[in-house]
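Could you build the full structure based on these sequences and the hints that come with them?
Residue numbering for the sequence shown follows full-length UniProt numbering, starting at 1 and increasing by one per position.
Please keep in mind that the hints were generated in silico from the structure rather than gathered at the bench. Among these hints, one or two may not hold up.
Unchecked claim - Each pair of labels, with its calculated beta carbon distance range:
id : residue 1 : residue 2 : range
1  : E370      : S425      : 52 to 60 Å
2  : V123      : E322      : 44 to 52 Å
3  : P310      : P158      : 52 to 60 Å
4  : A169      : A297      : 30 to 38 Å
Heads up, the beta-carbon is just placed ideally off N, CA and C, and yes, glycines get one too.
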Amino acid sequence: MAVASVTGALTAAILLLVDYRSFVSVNSPGVLVTFIAVGWAFVAAGVAAWRTRPHDHTGRLTVIAGLLWLVWAFNFSSNSIAFTVGGVLVVTYSVAIIQVLLGYPLGRLRTRWERWFVAGCYVYSIGSAMTELAFGDPGPVGFEHEHPVNLLLIRDDPGLLKSLQMVFAPIDLAIAFVVLAVLITRWRNGTPAYRAAFAPLWLATLVGTAMSATVFLVKQRSQDSTMEWVTSVNFAAIALVPLAIVVGLWRYRGARAASQVMVEVGAAPLGEGFTTALRRALRDPSLVLWSWSPELAEFVDADGVVHELPGDGEDRAATVLENDSEPVGALVYDQSLRDQPQLIAAVRSATVVTLDNQRLQTELEAQLEEVRRSRGRIVSSGDEQRRRLERDLHDGAQQRLVAAAILLRRAQRSMNEQQLRDLLSQGAAELDLAVTELRELARGVYPPVLKERGLGAALDSLAERTPLPLEIRDELTVRPGEAVELAAYYIAAEAVANATKHSSASLVEISLRMVDGALRVTVSDDGCGGAGFTPGGGLSGLQDRAAALAGTLTLDSPVAGGTVLTVDLPTVDLPTVGIHA
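And the structure:
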């Protein structure tokens, strides 16, 4: 609203203060109307760009260029103040257009020398205009009514003025060549995304430059009767610049729907093919996808090289990809794409979904691999337990039974009554020892007290046979089930055995309670700590046993801080089959 008010006030001032016949050199207001329309076109295009990208400068600069274009008309005013202001700012609109061209599409100059160059152009445009006003009186030149008073005039010296203009002409030409060289270099080095956005403005600039040159040549040779239409065509060509700005900024918006981009990107497999799909979706072959490394807290490329996100003043832009407010990656692309937020948002959404699916797939594959390894460890553990049972039977009860059989055969052959009694006594003793050892083995396979009286009683029995003080806190009110009880017993027994052998503990505590439908067994000691999971180790075997029942096992064992082993075993929808050691 404020921009429209300023532009309207400036237009009204032109209509009141400018002698349009001096403006066009013929008796027709058509050229003045075309001139004013060009200024309004700049302002309208700037407002549209400003609303589209409020954080960028292109819109504001285009509005300023339009206002400065209108101020140029005051060169044909008979009002002294208006004439002087118009004379000072006579070509500053062209510098504003140069700034738009060099900063397009974001309106930000990319390098320090560009900022110095544009600032120098502003100083030069105003300084050269003031110098010409100081030594040139416009009174005799073209004004048909009251001559304006040049407020900056020092003395009217046409010779000096012409000399100054001869000095300024090559400077003007050099500025034009510098701008043209920069634009050509950018076009050659630019990405397709930059070229697509800049092409309309580039074409409009070439057409406007060609028309300005044509007008200059026509002025040198033609009569006033031909100037009206030539000047109007020139103004119309210049009006292509603001139109091109809007077209360039909006070029992609109607070209592709966000849903189409998401389908195209989302259908691509993660990898080089996925990056290719991203580049095709954004029409930017320079696009790269970096991943976030939690270990380094940095973004890394596919080769693991660390990169920093580009800053605001660089020719690259970045969009951080987040999942649950945590970074997962970053898209780095040509800065011209920043003016297409809807397209970037669509690609970002599709990329986040794809990365999240890849993360879930990776986690699932890792879990499946762990299940396969766990099954292998369980099978190996079962084989080892069977070999140990076989060894214990062979070295223990079996030897007792063999010895008893030998004694009985000797007694069978003995003819001495006393020797017979002794042999029978020894055989009976061996049989008693064999029975005892078999009972111990049976207790290790499935303690009878566990089946008859439950987990708490079985752990009390374990405490009686443990050399360390062992305290049991049983808060269970119902039995959790045969499979869960057996797994909990073996895990607790193994933890107690580890504490006895390795921790130098003076006390071991076991607590039993139900937490959210799961049996929680906590085994803690006051030993030296430092325990951990190792492949094929006892604690890894306990973890596998818990995982076999969809349970979890956690370990907290700081050095010199004791050990706390916590296992949660779900008690719902589990089979009631025994799990043998």
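Here's how the hints hold up against the structure:
1. For the pair E370 and S425, the supplied restraint of 52 to 60 Å holds, since their beta-carbon distance comes to about 57 Å.
2. Roughly 45 Å separates the CB atoms of V123 and E322, a value that falls within the hinted 44 to 52 Å.
3. A hinted range of 52 to 60 Å for the beta carbons of P310 and P158 is consistent with their spacing of about 54 Å.
4. As the Cβ distance of A169 to A297 is approximately 58 Å, the hint placing it in 30 to 38 Å is violated.
Checked against the numbered hints listed earlier, the structure breaks hint 4 alone; every other hint is satisfied.
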